[in-house]
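Protein chains: 6
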Amino acid sequence: MPQPDHLISLDLAVPEQPADADIKRYFDKCMEKIGFVPNVIKGYAARPQRWRAFVTMYHALMDKEGSKLTPLEREMIAVVVSSVNRCYYCLVAHSQAVRKLSGDPELGEMLVMNYRVAELSPRRRAMLDFAWKLTETPSRIEEVDRDALRAAGFTEEEIWDIGETAAFYNFSNRMAVTTDMMPNREYHKLDR
Amino acid sequence: MPQPDHLISLDLAVPEQPADADIKRYFDKCMEKIGFVPNVIKGYAARPQRWRAFVTMYHALMDKEGSKLTPLEREMIAVVVSSVNRCYYCLVAHSQAVRKLSGDPELGEMLVMNYRVAELSPRRRAMLDFAWKLTETPSRIEEVDRDALRAAGFTEEEIWDIGETAAFYNFSNRMAVTTDMMPNREYHKLDR
Amino acid sequence: MPQPDHLISLDLAVPEQPADADIKRYFDKCMEKIGFVPNVIKGYAARPQRWRAFVTMYHALMDKEGSKLTPLEREMIAVVVSSVNRCYYCLVAHSQAVRKLSGDPELGEMLVMNYRVAELSPRRRAMLDFAWKLTETPSRIEEVDRDALRAAGFTEEEIWDIGETAAFYNFSNRMAVTTDMMPNREYHKLDR
Amino acid sequence: MPQPDHLISLDLAVPEQPADADIKRYFDKCMEKIGFVPNVIKGYAARPQRWRAFVTMYHALMDKEGSKLTPLEREMIAVVVSSVNRCYYCLVAHSQAVRKLSGDPELGEMLVMNYRVAELSPRRRAMLDFAWKLTETPSRIEEVDRDALRAAGFTEEEIWDIGETAAFYNFSNRMAVTTDMMPNREYHKLDR
Amino acid sequence: MPQPDHLISLDLAVPEQPADADIKRYFDKCMEKIGFVPNVIKGYAARPQRWRAFVTMYHALMDKEGSKLTPLEREMIAVVVSSVNRCYYCLVAHSQAVRKLSGDPELGEMLVMNYRVAELSPRRRAMLDFAWKLTETPSRIEEVDRDALRAAGFTEEEIWDIGETAAFYNFSNRMAVTTDMMPNREYHKLDR
Amino acid sequence: MPQPDHLISLDLAVPEQPADADIKRYFDKCMEKIGFVPNVIKGYAARPQRWRAFVTMYHALMDKEGSKLTPLEREMIAVVVSSVNRCYYCLVAHSQAVRKLSGDPELGEMLVMNYRVAELSPRRRAMLDFAWKLTETPSRIEEVDRDALRAAGFTEEEIWDIGETAAFYNFSNRMAVTTDMMPNREYHKLDR
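Order-wise, the sequence lines are chains A, B, C, D, E and F.
Residue 1 is where the first sequence starts when you use the numbering used here, and the numbers rise one by one after that.
Residue 1 is where the second sequence starts when you use the numbering used here, and the numbers rise one by one after that.
Residue 1 is where the third sequence starts when you use the numbering used here, and the numbers rise one by one after that.
Residue 1 is where the fourth sequence starts when you use the numbering used here, and the numbers rise one by one after that.
Residue 1 is where the fifth sequence starts when you use the numbering used here, and the numbers rise one by one after that.
Residue 1 is where the sixth sequence starts when you use the numbering used here, and the numbers rise one by one after that.
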């Protein structure tokens, strides 16, 4: 029962070496920094123009100076959103990031499985409650939900960041699901 | 009972005249082409770097050459996704686009209210069924769902486009919901 | 992609000129007052005895002296119930009534799409919250829900009226759905 | 832990002897025929005009010549709709009717608890599947659901009857829930 | 339309007279005490080793000294759990137990149909609210739910008992469903 | 943000060294065989009589000769049931068992996150589909679901085993949830 080794199951060419120079450079930088090219980066390269838009948005949200949330908080949101949506790719990739950034492998598992069992600061619990609800029942979000974030100490800009980060993983979950994208095997063993 | 006239309800500065030249230019072009600046364009300008990422992704998907789907099909997906999520902003703005592009005001209403009552070609019905399911229960999408699109005549690239368009409106619905964004009043009267 | 022009999709005779004098008189009065016969009135005439019962109940609830709620409030309930049930016929017909009675076309759209974005008095918000819950999860209604209406200033008789109005549109939504009834095209352009 | 003995929990006058002659006559006929006045008949008399509409619709659907469905079939629909909605009043009253009309007390219990365990003819199973779906997810009903009834041998008129009967109990369930109506204790012991 | 008379619908031998002495003895004791062998006891005997485990757990929870809850409370939990799961076998068998232990036939019906209409002490309402939620959405149970039980006067051990009793009927409901087990006809007439 | 180190959050004595000889022996055997005592074994020892019933049932189902399913198949069911219920304890403990028994760490992750992405034999897919549905919507299980297992090659006895194994983890998930039980930290690093 060996598990799937396709990158995506849509029948589209995903080149090992991309023709476009900017994409190629990005692949090289991935190899240099983490030793592999994340499959979402490879898979998206089947559509170079879309790749650029996706990578731009990813960095606008996830780069150090991108948002007011800490890098760990952004990854926590990514995992909790992906847990609602049960997205295999994003759960594997972003729970590894949580394990690495927090130094707490159990936290990564908890956010995948049920974030409600984790011992979190009230701030982080409020953040994840908002991300969960925005994902599961966006039509029920009202001022009272924004107020709960304010009460937990978040600024208006940070509320935007929580919402946009959760929104972005609602996007990427659905891309992974549409294309049946498989995560790199490397993630599984890291930071356990 | 006058309805809300805020742009967004987060307390963030949304300048009438943006400081950044590229954003300013974009506003001007909107005025020129449609006579108003869509509120999502204004609201997002509270965060210039994010504005750029959002606008980039929007055009990558929605510009004429952006995807293999027709402009009407993309807007149909936008409305159906927003109907699942009951997103007021996106339903108002994109149902107007459906009315305009189709010349069929009833079609716009049907997609807002319940796309299952519309008389659609099998191709379009399959496309909207996929968009609905990908929005409502992404974890249940499997090869059989991609195969239904193939059977309706869609290529692999078009399946990607359907999925990415639906994913994008799952993103933008959640941004509108997070910020409590109100659509421009102009939309309501257009193309009725 | 012209939209359906059937009145109902059940294969039953729906006469342009009804044989029964009372039904004929009612049709004539509709023509006189609003210039067309609402399709539910035509469609129901396929079953004259049922037509009488339906029309009797409709007037008992919706006539001026019928209930303690204002005519606009009754139509607001109709739209919100139909929004839960995504009933095309009732959403089209009753959102027009909301637009007309309120003089606020946006309010009509908000109640169709997501009543939670509308700026409502606490009284009306409580009324619509009750109608939504009674429609979606009737088994969860308890004394606390009636008490919320009392706290918003409703009398016992008005609580009955809210409940019966919501109950009636839960009935008529399901008749429109069973017969696949299409609303008159006239509604779409009115009071925009 | 004696159970509630109120008729309805709304604080409205429900007279033992109604002032209106037609209502009084109806009460007398109930006493004569079944030995008690059903609580829905008493409770509704708090609003005489509404009582008349309700009773008219009830008889239009449930009287012998009212519909093409057998009396037992109509009661089966009543119980299954009320099972989805978990309506205590209607489950108690109409499961007694099923026990009486079928001579099969277990059938009554099965329809209350889970109609899927009952051994039903394909015709009746199709009828109850439609009633369940129309109650639980009316927005998902499509031509394919009407076709399933046709395939089970139902005429167009009977499809209307199934739908209207189910719609009516969706109405009456919500009236019982709004008013917190308690069924007559007599039902519990009958036809066991 | 006679109802099913199979014991279970899996094609497994369920002997009238079990070969194993301990099981035989148990059957005999049932005959002696209640005049019939409950079908779950017969049906489970198709798998003697499993029968022993099931009977052991049943008695550990349901015997007089087994738990701190009163026998009636345990049966109330059994019925409410089975109501969420709509399990015919367990609803029939345990609602009879509630009727018998409470001397209140209506209470048995209420717990089957919708426990929220019953007049319960705050303690019992809290107990059933926990059992319902633990059954329907176990992932949402948190400290606040245990605290609600504490506030209603339950000890830590009793909270365990409520949870384990509810958990056990979540087990037995699914066994009845898997095997399509039918309850003994005797239950229907008892304690009405 | 160190994660919780309680065993259970109910305030009950969970002795490091149990007083009862049989429980003590079991602890010793655990230490000998796997180097630690699983927390469910420790936690349950707060209630010795219940511990015995739980352990008896666990072994009746999970011991080598206990069921016709392979040990890996039983653990796969445990993980998929716990995934529906999002039970942290059982997901951590039983996904480790899947990793160990299958030698396929990715399979363990897939069953936790979304078993639908795994490449499974039709037999195992059918088994897990049944376990999922029996957990999520037991009231919808019918003969057609048992027939799907038969078509996948399962015997009547194996269908029982699939159902009882799934039922047992529906039990143990709810015990872990009721007591807020934390899994041993050892599981996290094993068999990655």
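Do not rely on the hints blindly, as some may be mistaken.
Since copy identity is lost for identical chains, a pair holds within one copy or between any two.
[As the list claims (entries may be wrong)] With a straight-line cut-off of 25 angstroms between C-alpha atoms, the simulated DMTMM-like cross-links for lysine to aspartate or glutamate are:
#	residue 1	residue 2
1	Lys-100	Glu-156
2	Lys-189	Glu-16
3	Lys-29	Glu-156
4	Lys-133	Glu-186
5	Lys-133	Glu-143
6	Lys-133	Asp-147
7	Lys-68	Glu-186
8	Lys-133	Asp-145
9	Lys-189	Asp-145
No wet-lab data here; the hints were simulated from the structure.
Since we're looking at a predicted model, the values are computed, not measured.
Evaluated hints:
In this assembly of identical chains, Lys-100 and Glu-156 lie within 25 angstroms of each other by CA distance neither inside one copy nor across copies; the values are 28 angstroms within and 36 angstroms between. For a Cα distance limit of 25 angstroms, the shortest separation of Lys-189 from Glu-16 inside one copy, 23 angstroms, qualifies, whereas the shortest one across copies, 32 angstroms, does not. In this homomeric assembly, Lys-29 and Glu-156 never come within 25 angstroms of each other (Cα to Cα): the closest approach is 34 angstroms inside a single copy and 29 angstroms across copies. Taking the shortest alpha-carbon separations for Lys-133 and Glu-186, neither the intra-copy value of 31 angstroms nor the inter-copy value of 31 angstroms comes in at or below 25 angstroms.
When the C-alpha separation of Lys-133 and Glu-143 is checked against a cutoff of 25 angstroms, the pair qualifies both within a copy, at 13 angstroms, and between copies, at 20 angstroms. In this assembly of identical chains, the alpha carbons of Lys-133 and Asp-147 lie at most 25 angstroms apart whether taken from the same copy (14 angstroms) or from different copies (23 angstroms). Taking the shortest Cα distances, Lys-68 and Glu-186 never come within 25 angstroms of each other, neither inside one copy (29 angstroms) nor across copies (34 angstroms). Proximity of Lys-133 to Asp-145 under the C-alpha cut-off of 25 angstroms is found in both arrangements, the shortest distances being 9 angstroms within a copy and 19 angstroms between copies.
For the homomeric pair Lys-189 and Asp-145, neither the shortest alpha-carbon distance inside one copy (37 angstroms) nor that between copies (32 angstroms) is at most 25 angstroms.
Hint check: violations occur at hints 1, 3, 4, 7 and 9; the rest are consistent with the structure.
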